[in-house]
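*Asks:* Next come the chains, spelled out residue by residue.
Number of protein chains: 2
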Amino acid sequence: MVMDTCYAVIFSSQRTDGDHGYGAMSDKMEELAAKQPGFLSVESVRDASGAGITISYWESLEAIQNWRQNGLHQVAQEKGKQAWYESYNVKICKVERAYSYPAAGHS
Amino acid sequence: MVMDTCYAVIFSSQRTDGDHGYGAMSDKMEELAAKQPGFLSVESVRDASGAGITISYWESLEAIQNWRQNGLHQVAQEKGKQAWYESYNVKICKVERAYSYPAAGHS
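Sequences listed follow chains A and B, in order.
UniProt numbering puts the first residue of the first sequence at 1, with every later residue one more than the last.
UniProt numbering puts the first residue of the second sequence at 1, with every later residue one more than the last.
No lab work stands behind these hints, which were simulated from the structure alone.
Since the structure is predicted, the reported quantities are computational estimates derived from the model, not experimental observations.
Check before you lean on any hint, since a few could be wrong.
[What the hints assert, rightly or not] In silico DSSO-like pairs for lysine-lysine, Cα to Cα no more than 30 angstroms straight-line:
no.: 1; chain 1: B; residue 1: Lys81; chain 2: A; residue 2: Lys94
no.: 2; chain 1: A; residue 1: Lys81; chain 2: B; residue 2: Lys81
no.: 3; chain 1: A; residue 1: Lys94; chain 2: B; residue 2: Lys35
[Said to hold, decoys possible] A short, non-exhaustive set of chain B residues, derived as facing chain A with CB atoms under 8 angstroms:
no.: 4; residue: Phe11
no.: 5; residue: Gly23
no.: 6; residue: Met25
no.: 7; residue: Asn89
[Said to hold, decoys possible] Derived contacts from chain A toward chain B, CB cut-off under 10 angstroms, selection only:
no.: 8; residue: Ser13
no.: 9; residue: Ser26
no.: 10; residue: Lys28
no.: 11; residue: Met29
no.: 12; residue: Leu61
no.: 13; residue: Pro102
Ideal placement from N, C-alpha and C gives every residue a C-beta, glycine not left out.
Could you build the full structure based on these sequences and the hints that come with them?
*Replies:* Right under this line is the structure:
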């Protein structure tokens, strides 16, 4: 498989204690993100201490920018700062190479 | 802070059941990676189901390649396929932009 150009948004965060509506909004945002033009996939892990990494993959920087400016997503981002996250950092990356085990195919 | 060029290695994996020496080797590899030329930082999260994401950051693609070819790391990679991981995928990325909350400084 020859990989097309693709971009990753790494969202690394530390949750505050308690839910405060986080679970429902998180599900909703994941569903909404998946409907955006240029969305490819998402993977997410959070451990019992509240440390989490979510990576979403996109076809272009424009798609990432559009999702960042989505109205409902902006409401969630604001709520994230107010209530859900002690801290987070975001890195926007261009995927240069990818491989997997077991091998998914020829690249 | 003006960000210098930097690269991320996203390692997303599913562990097999049981330790099989994984914990000790994982600690050793994290310690060894941190000593490599061009290493910047690492962040890692694994949940109770065994799903994990580890991201290491490096100054250059050469530094990533050197670490990949490190002898002890190659032993660990082989053992990873044999015993520790049901599956994994690796993505090598160029970090284009980064921001954080609370803001770490001016970028």
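*Asks:* Go through the numbered hints given earlier and state which of them the structure violates, listing their numbers in rising order.
*Replies:* Hints 2, 4, 5, 6, 9, 10 and 11 contradicted; others consistent.
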